[in-house]
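Residue numbers (this note's numbering), protein chains in the order written: chain A, 1 to 158; chain B, 1 to 329.
Everything labelled a hint here was simulated from the structure, so no lab data went into it.
Since the structure is predicted, the reported quantities are computational estimates derived from the model, not experimental observations.
Hints are not guaranteed to be accurate.
Computed, partial: chain B to chain A, Cβ under 7 Å [said to hold, decoys possible]:
#1 Leu187
#2 Pro188
#3 Leu297
#4 Thr306
#5 Lys321
The C-beta atom is built at its ideal place from N, Cα and C for all residues, glycine as well.
For reference, the chains in residue letters:
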Amino acid sequence: MRNRQLTRAPQPQAAFEPRIVAFFCNWCTYLAADLTGTSRMKYAPNVRVIRLMCSGRVDPQFVLDAFAQGADGVLIGGCHPGDCHYQEGNYRTLRRYHLLRRLLRQMGIEEERFRLEWISAAEADRVRNAINDMVERVRALGPLQLEPKREDREEVAV
Amino acid sequence: MTPAKPKLAFYWCSSCGGCEETVVDLAEAILDVVAAVEIVFWPVALDFKRNDVEAMPDGSIMATFLNGAIRTAEQEDMARLLRRKSGLLVAFGSCSHLGGIPGLANLFDRESILHAVYLESPSTVNPESVLPLTCHHDKGHTVELPAFHNTVRTLDQIVDVDYYVPGCPPPPRILRTALQTLLEGHLPPKGTVLAPDCALCDECPRQDTKPETLSIAEFKRPQELLIDEKTCLLAQGLTCIGPATRAGCEALCIQGNMPCTGCCGPTSRVQDQGAKILSCLASLVEGKEDAEIDRVLNTIPDPVGTFYRYGLPGSFLRRKKLNEVQAPK
Numbered sequence: 001m002r003n004r005q006l007t008r009a010p011q012p013q014a015a016f017e018p019r020i021v022a023f024f025c026n027w028c029t030y031l032a033a034d035l036t037g038t039s040r041m042k043y044a045p046n047v048r049v050i051r052l053m054c055s056g057r058v059d060p061q062f063v064l065d066a067f068a069q070g071a072d073g074v075l076i077g078g079c080h081p082g083d084c085h086y087q088e089g090n091y092r093t094l095r096r097y098h099l100l101r102r103l104l105r106q107m108g109i110e111e112e113r114f115r116l117e118w119i120s121a122a123e124a125d126r127v128r129n130a131i132n133d134m135v136e137r138v139r140a141l142g143p144l145q146l147e148p149k150r151e152d153r154e155e156v157a158v
Numbered sequence: 001m002t003p004a005k006p007k008l009a010f011y012w013c014s015s016c017g018g019c020e021e022t023v024v025d026l027a028e029a030i031l032d033v034v035a036a037v038e039i040v041f042w043p044v045a046l047d048f049k050r051n052d053v054e055a056m057p058d059g060s061i062m063a064t065f066l067n068g069a070i071r072t073a074e075q076e077d078m079a080r081l082l083r084r085k086s087g088l089l090v091a092f093g094s095c096s097h098l099g100g101i102p103g104l105a106n107l108f109d110r111e112s113i114l115h116a117v118y119l120e121s122p123s124t125v126n127p128e129s130v131l132p133l134t135c136h137h138d139k140g141h142t143v144e145l146p147a148f149h150n151t152v153r154t155l156d157q158i159v160d161v162d163y164y165v166p167g168c169p170p171p172p173r174i175l176r177t178a179l180q181t182l183l184e185g186h187l188p189p190k191g192t193v194l195a196p197d198c199a200l201c202d203e204c205p206r207q208d209t210k211p212e213t214l215s216i217a218e219f220k221r222p223q224e225l226l227i228d229e230k231t232c233l234l235a236q237g238l239t240c241i242g243p244a245t246r247a248g249c250e251a252l253c254i255q256g257n258m259p260c261t262g263c264c265g266p267t268s269r270v271q272d273q274g275a276k277i278l279s280c281l282a283s284l285v286e287g288k289e290d291a292e293i294d295r296v297l298n299t300i301p302d303p304v305g306t307f308y309r310y311g312l313p314g315s316f317l318r319r320k321k322l323n324e325v326q327a328p329k
């Protein structure tokens with residue numbers, strides 16, 4: 001179960017393209033992302049968007065698993081404080097985000113790789129800006145190279 | 001002639017010896033074990049050598065209980081050897097199950113650890129700054145030491161593991177049940193953790209005092225307050241890892257008026273115990289503003305050490321990112 005890895009197409013010394021996993025709330029950021037599309041705004045193609053019913057559904061396990069499977073960054077998009085469809089969900093996200101950010105710092109993972117944005121359904125430009133900005137910051141950091149997994153490692157004594 | 005008894009082996013890798021103590025703590029029950037099985041290898045108590053194990057036919061040991069994490073080349077080698085010789089390989093105790101306390105060394109790398117231990121520690125006298133080598137030649141003789149890996153690993157990151165017995169150390173009752181299960185031959189599915197599959201809160205004597213809702217204004221460490229002996233420890237602001245920890249220990253620490261530190265690992269529904277308790281504790285924090293939330297969360301001084309005390313190598317991230325590792329000051 002722990003051996004999965006996002007497939008990376010073989011790139012012969014190609015320029016590094018960051019892979020960002022984005023968890024977007026169904027009621028706000030996901031609709032905003034939809035609006036960026038229908039408004040024909042362009043944003044970097046480096047995000048893989050996963051729609052959830054609430055940013056509060058983002059179990060910290062999802063974030064760590066994304067990093068472990070090869071994501072270079074994780075973006076969470078939720079409703080503005082006070083606007084949560086379920087009243088309190090985004091406050092829980094905010095609290096978990098703060099503690100998870102400290103944990104990631106302790107684990108040597110740069111701050112720019114993990115980001116939380118409040119984006120309402122009307123704010124298409126904010127989706128574009130947040131994604132573009134994050135992709136550029138993560139691109140500057142380079143790939144997140146975690147400990148190789150068992151099957152890649154074989155007998156190498158690391 | 002009596003039919004041959006099933007063979008059992010115990011071995012230790014990177015560990016403290018506490019798991020061996022569990023076997024001894026079977027007390028009188030160990031006589032039943034000895035009556036039912038033949039112990040063919042147990043370095044802490046019996047004088048068998050590696051050669052004896054090598055001479056055994058492959059798969060001839062019914063089960064090997066291996067405790068300790070894998071840190072050196074020798075431990076890795078012994079794990080592979082015992083895997084080959086055993087029908088069943090059981091990761092015994094937190095260290096071989098999830099990495100254990102030695103796994104916290106994954107916050108550092110080999111160089112900084114050797115530096116701290118052989119050069120910087122105040123009790124070390126090492127004027128020539130000698131560091132361990134894997135091979136040393138002197139006056140025509142060669143001395144070898146096993147290589148010291150950069151990363152501490154769980155047993156199942158090295159070889160296939162059939163079952164897990166959790167705990168630091170595993171409670172004797174859990175070991176007894178595990179042995180019975182294996183001897184009776186009603187084997188559970190491969191990969192099973194041989195302990196109850198519910199959270200510690202379910203068997204906690206203070207369960208009834210756990211409030212429906214909780215809002216924590218400050219996390220406290222055990223030395224910072226007079227702990228009430230009856231009330232839920234989370235409700236007292238202690239970082240009790242019980243909600244994210246597997247039951248089976250009968251809440252021993254809590255009966256001793258100390259919070260659970262999570263040694264039995266997660267239940268089968270959770271993959272990363274630390275992330276789960278982080279989620280649980282953070283959700284209970286009071287406040288809706290960044291500064292307020294940070295003020296409360298900063299009362300947990302060491303998130304990794306608190307949430308992954310027994311399970312860093314077995315977690316999603318496994319270790320601190322290597323190029324970020326620096327020698328401690």
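Okay, the hints, checked on the actual structure:
1. Against a cut-off of 7 Å between C-beta atoms, the interface hint on Leu187 of chain B is violated, since the closest Cβ of chain A lies about 20 Å away.
2. With a least beta-carbon distance of about 17 Å to chain A, the hint placing Pro188 of chain B at the interface is violated under the 7 Å criterion.
3. Checking Leu297 of chain B against chain A by beta carbon gives a least distance of about 5 Å; that is within 7 Å, so the hint holds.
4. Contact between Thr306 of chain B and chain A, as hinted, is not supported at the beta carbon level, the nearest pair being about 10 Å apart and thus beyond 7 Å.
5. This hint holds: Lys321 of chain B has a C-beta 4 Å from the nearest C-beta of chain A, less than the 7 Å allowed.
The earlier numbered hints that this structure contradicts are 1, 2 and 4.
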